[in-house]
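Engineer: In order, the protein sequences belong to chains A and B. For reference, each letter of the first sequence is one residue, going 1 to 112 in UniProt numbering. For reference, each letter of the second sequence is one residue, going 1 to 112 in UniProt numbering.
Mixed in with the good hints there might be a few duds.
Copies of one chain are not kept apart here, so a pair can be met inside one copy or by any two copies together.
List of simulated lysine to any residue pairs, SDA-like, C-alpha gap at most 25 Å [unchecked claim]:
id : residue 1 : residue 2
1  : Lys39     : Ser63
2  : Lys39     : Lys65
3  : Lys77     : Ala10
4  : Lys80     : Asn102
5  : Lys77     : Arg20
6  : Lys77     : Ser5
7  : Lys80     : His13
If you're looking for bench data, these hints aren't it; they were derived computationally from the structure. Small disclaimer: the values here were computed from a predicted structure and weren't measured.
What follows is the residue order along each chain.
2 protein chains.
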Amino acid sequence: MPNNSTAINAVFHTLADPTRRAVIERLSEGPAAVGELAKSFNMALPSFMQHLSVMEECMLVRSHKTGRVRIYHLVPKQLKLAEHWMIEQRSIWEKRLNQLDNYLLKLKEKEK
Amino acid sequence: MPNNSTAINAVFHTLADPTRRAVIERLSEGPAAVGELAKSFNMALPSFMQHLSVMEECMLVRSHKTGRVRIYHLVPKQLKLAEHWMIEQRSIWEKRLNQLDNYLLKLKEKEK
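Work out the full structure: start from the sequences and follow the hints.
Structural biologist: What follows is the structure, given as structure tokens:
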């Protein structure tokens, strides 16, 4: 599915940055105002806003305005997509290793 | 842990490319010779080798020579590191959503 693949590219690209991962860690615990988020990072506000914009673009976070304050919250859907890809790969190689284990076990039993 | 964080940066960066993900998908099923891997991708060999080198640098794959053939295989350890980070985030927000659910349920029961 080319669309899923493009989405997964963007999610992994977003997660490759430690600031953006730290934002996700914070938002996992609940929504936060942009000011509250920004003050945790020793970074100029425009650079920090750039990170948030990358995250919003690939739909890992969403924001809305409440009065004069912009609130960010996590959108788990895209994270799940990337996690699903990883779990799928793991299940394939774990299955293969189990088959190898079984084969070696049978070989050992034959030797007895 | 700065070391883990640097490793996770590199793993997510590696996974952000569809060719490199396709190589992992192939290697999940078992080791493969470089020639066999390369022929699945419509790409000049030097570019393809560059992808393999990125993957070997962040220890997602390893290679060894058997005669004149270089064989690549998957190293699951680094993938697990990145997967662990994702699962940790999910467990935090799922716990928070459950707490919210319980709170709303109690509120509803009080209203009855």
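Engineer: Does each hint fit the structure? Answer for all of them.
Structural biologist: Results of checking the hints against the structure:
no.: 1; hint: Lys39 x Ser63; in the structure: within (17 Å within a copy, 44 Å between copies)
no.: 2; hint: Lys39 x Lys65; in the structure: within (19 Å within a copy, 51 Å between copies)
no.: 3; hint: Lys77 x Ala10; in the structure: both (13 Å within a copy, 23 Å between copies)
no.: 4; hint: Lys80 x Asn102; in the structure: between (32 Å within a copy, 23 Å between copies)
no.: 5; hint: Lys77 x Arg20; in the structure: both (17 Å within a copy, 23 Å between copies)
no.: 6; hint: Lys77 x Ser5; in the structure: both (14 Å within a copy, 23 Å between copies)
no.: 7; hint: Lys80 x His13; in the structure: both (15 Å within a copy, 18 Å between copies)
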